[in-house]
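Student: The primary structure of each chain is shown beneath.
Protein chains: 2
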Amino acid sequence: MTTTVHSFDTAIDLADNGIGHYIGQTTPEWANMVGPFGGVTAAAIIRAIERHRDRIGEPVALTVNYLAPVTDGSFDITVRAARTNRTNQHWTAEMTQEHGLTTTATAVFGVRRDAWSDTEATMPAAPDPETLTPTTLPVPVPWMRNYEMHYVDGGVPTEPAESTSSTTTLWTRQRPARALDFAALSALSDVFYPRVFLRRGRMLPAGTVSLTTYFHVDGAELAGHGTDYVLASAHAQRFARGYFDQTAQIWGRDATLLATSHQIVYYKD
Amino acid sequence: MTTTVHSFDTAIDLADNGIGHYIGQTTPEWANMVGPFGGVTAAAIIRAIERHRDRIGEPVALTVNYLAPVTDGSFDITVRAARTNRTNQHWTAEMTQEHGLTTTATAVFGVRRDAWSDTEATMPAAPDPETLTPTTLPVPVPWMRNYEMHYVDGGVPTEPAESTSSTTTLWTRQRPARALDFAALSALSDVFYPRVFLRRGRMLPAGTVSLTTYFHVDGAELAGHGTDYVLASAHAQRFARGYFDQTAQIWGRDATLLATSHQIVYYKD
Numbered sequence: 021m022t023t024t025v026h027s028f029d030t031a032i033d034l035a036d037n038g039i040g041h042y043i044g045q046t047t048p049e050w051a052n053m054v055g056p057f058g059g060v061t062a063a064a065i066i067r068a069i070e071r072h073r074d075r076i077g078e079p080v081a082l083t084v085n086y087l088a089p090v091t092d093g094s095f096d097i098t099v100r101a102a103r104t105n106r107t108n109q110h111w112t113a114e115m116t117q118e119h120g121l122t123t124t125a126t127a128v129f130g131v132r133r134d135a136w137s138d139t140e141a142t143m144p145a146a147p148d149p150e151t152l153t154p155t156t157l158p159v160p161v162p163w164m165r166n167y168e169m170h171y172v173d174g175g176v177p178t179e180p181a182e183s184t185s186s187t188t189t190l191w192t193r194q195r196p197a198r199a200l201d202f203a204a205l206s207a208l209s210d211v212f213y214p215r216v217f218l219r220r221g222r223m224l225p226a227g228t229v230s231l232t233t234y235f236h237v238d239g240a241e242l243a244g245h246g247t248d249y250v251l252a253s254a255h256a257q258r259f260a261r262g263y264f265d266q267t268a269q270i271w272g273r274d275a276t277l278l279a280t281s282h283q284i285v286y287y288k289d
Numbered sequence: 021m022t023t024t025v026h027s028f029d030t031a032i033d034l035a036d037n038g039i040g041h042y043i044g045q046t047t048p049e050w051a052n053m054v055g056p057f058g059g060v061t062a063a064a065i066i067r068a069i070e071r072h073r074d075r076i077g078e079p080v081a082l083t084v085n086y087l088a089p090v091t092d093g094s095f096d097i098t099v100r101a102a103r104t105n106r107t108n109q110h111w112t113a114e115m116t117q118e119h120g121l122t123t124t125a126t127a128v129f130g131v132r133r134d135a136w137s138d139t140e141a142t143m144p145a146a147p148d149p150e151t152l153t154p155t156t157l158p159v160p161v162p163w164m165r166n167y168e169m170h171y172v173d174g175g176v177p178t179e180p181a182e183s184t185s186s187t188t189t190l191w192t193r194q195r196p197a198r199a200l201d202f203a204a205l206s207a208l209s210d211v212f213y214p215r216v217f218l219r220r221g222r223m224l225p226a227g228t229v230s231l232t233t234y235f236h237v238d239g240a241e242l243a244g245h246g247t248d249y250v251l252a253s254a255h256a257q258r259f260a261r262g263y264f265d266q267t268a269q270i271w272g273r274d275a276t277l278l279a280t281s282h283q284i285v286y287y288k289d
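Respectively, the protein sequence lines represent chains A and B. Just so we're aligned, residue 21 is where the first sequence starts under my numbering, counting upward by one. Just so we're aligned, residue 21 is where the second sequence starts under my numbering, counting upward by one.
Next up, chain A with everything else stripped away, as it sits in the complex (with noise of 0.2 Å):
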């Protein structure tokens, strides 16, 4: 019998001294333009904090921030639990190379309780995945490749023209499809182009400084989710001589709100 790992289960697959440091190694399949996707970095960290030993809950507030670009090789990660309360728990996490800190997070973890709960977002209308088109990308990406990406509104410009909405929305889900769990959506919510790019209509330079997601669901939920895909949508709202800001909703196909999260994006224009 051959068992085949997936490509993002390599990418954050950490060897563990079981008091929270990790080393972990970046992959080709993963790549960005400049060092790994951030997404898949998020997504480390995460998995980091799961497989300490004194985590209580499950992800509920993550931020990470991008100090320098991780270079290929090999990564340390740090994961401190910086207080544990009653039904919540605070985390600090480093990245770090040979070279310095990459990156700096800092995790909420926390055990959902039943609640009067729901959801006043309206989720974005939106045909089927299946009668969409896949985009196939203007550019060579690699961690774009591991992506199914059905785009409803906002596709990646492929010729010079501006945009007056920097709203995207798309179906994606994992290529070859995975079982959705934090790791996974955490990397989701790094799944937008810059939105300076849809815009302005051109690639420009563009990379996410700091990443805060919010999760909404529990594991049992996110396990529910299974492999289809997920509604993403995003826009700006200021682009402010510099730096702008992508706020994101991550939908299932049901309407179940799984994430909203946040980024400050540096540009050059």
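The set of hints was computed from the structure by calculation and includes no laboratory data. Source: prediction; values computed, not measured. Watch out, some of these pointers could steer you wrong.
Put simply, identical chains are the same to the list, so a pair is met inside one copy or across any two.
No farther apart than 20 Å at their CA atoms in a straight line, the calculated lysine to aspartate or glutamate pairs in the EDC-like style are these [what the hints assert, rightly or not]:
#1 K288 - D33
#2 K288 - E182
#3 K288 - E118
#4 K288 - D248
#5 K288 - D29
#6 K288 - D134
#7 K288 - D201
Could you slot chain B onto chain A? The hints should help.
Tutor: Chain B only, in chain A's frame:
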């Protein structure tokens, strides 16, 4: 001559050893129901970084995690420049008291450059603050007395009545008026009462767990705002079994989007 120090400046006044360690004191004027107003804690952290001798640029992003209540008395803030790049700088910060760690934070400071810029979000329609009655609160929460609050929409519920919308929009500024700076803007990003009160039409246990603010102006633009009101608007996207998110905009009266802010909030219902 008598000089009166503004209560906000007293609340974020820090004794400084010059290399990243600060000591501050909580003040009764900025108390919340348990511990100080989360916004003033965020402001003290921004102020600590601003005063560090190695700091370059101005605030671009701030994430503050509220681990445990800050008790009345003195607190220590430690800040560290985790990485200095050419045009931005990443910081980590921790607040501690005798009983342990109360707050962790990360921040990005940066230097803004000339670049194509645009505000894509639309300022909520609102009559001028002078035409609206300021709110007198139904419950005594000390820090709220430090803000003039003229609710446009979604005021504090005064009788039990559920709402289908979690949106609150208000004109607000410090009382007495004080020129807006990054510390004050950081505090304003937490000026909203918990969204779950509005949806449920009553107060219940709730507290911010993690707050992220993105700043869209530099210090000169902020200084131009002076002591005028800001229009602050917030709503939730999902209330999910013990945690809800809040996403907010802070606008200048001249339709400058000063900051966008997000938080995840614990609630019990």
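Student: If any of the earlier hints don't hold here, list their numbers in rising order.
Tutor: 1, 3, 4, 5, 7
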